[in-house]
Amino acid sequence: SAVISQKPSRDICQRGTSLTIQCQVDSQVTMMFWYRQQPGQSLTLIATANQGSEATYESGFVIDKFPISRPNLTFSTLTVSNLSPEDSSIYLCSVPATGDLYGYTFGSGTRLTVV
Amino acid sequence: TQLLEQSPQFLSIQEGENLTVYCNSSSVFSSLQWYRQEPGEGPVLLVTVVTGGEVKKLKRLTFQFGDARKDSSLHITAAQPGDTGLYLCAGNTNAGKSTFGDGTTLTVKP
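Chains A and B supply the protein sequences, listed in that same order.
Throughout, our numbering is defined as the position within the first sequence, counted from one, plus 327.
Throughout, our numbering is defined as the position within the second sequence, counted from one, plus 1003.
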């Protein structure tokens, strides 16, 4: 399966600032996905990052708050802007799993705490 | 929105016991995955089931997809402390999107 390097692994940020999360994949992939997860809970899809076009956002998530870049087929960034304590969460990137038509491979996650 | 409900939400057992985790929905899925997630890590794909009634085994783990493709179960035989983690089911629609269940936190005590 593809190997995803996600960083930072954790950060503590001040209100009103922004955090940019990076995901590097060791192979080219058409689609990359960004999720949010409260510790011990389910994953919620934020957006699909498409190479060469704008990201596709799910209901409740907007580009101004979660701008995404996808400059090539192995890299993507998610920025969480104008941080508030409600943004404290785990953010994960994922790509389709190799050898499995339906599953996904995930990065190790970024635990964000907003103070 | 297609919801996947997992039960139980929390499960704490002794090493050597058996357990079953359930994943239920009122919606039909084209496929369903099970993942295990450990603290500080992303979910790791365990299995995908596609055909209604399908049963897959992965060592001590047995996965079953319901006949109507609306539900699934994960059975662990002789649980070990290494099985501890958050177990997530995820269903795929024909549109290609995944919906995740709310998770089952399993603790296996030595």
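Quick caveat, the hints were computed from the structure, so don't treat them as lab data.
Careful, some of the hints might be misleading.
Unchecked claim - Residues on chain A that point at chain B, a partial pick, calculated with CB under 7 Å: (1) Leu370; (2) Phe393; (3) Leu419; (4) Pro423; (5) Asp427; (6) Tyr429; (7) Gly434.
Everything numeric in this text was worked out from a predicted model, so none of it was measured.
Even for Gly, the Cβ is constructed at its ideal location relative to N, Cα and C.
Structure-based check of each hint:
1. Leu370: 4 Å, holds
2. Phe393: 17 Å, violated
3. Leu419: 5 Å, holds
4. Pro423: 10 Å, violated
5. Asp427: 5 Å, holds
6. Tyr429: Holds, because the Cβ-Cβ distance from tyrosine 429 of chain A to chain B comes to roughly 4 Å (cut-off 7 Å).
7. Gly434: 5 Å, holds
Of the hints listed earlier, those the structure fails to meet are numbers 2 and 4, in rising order.
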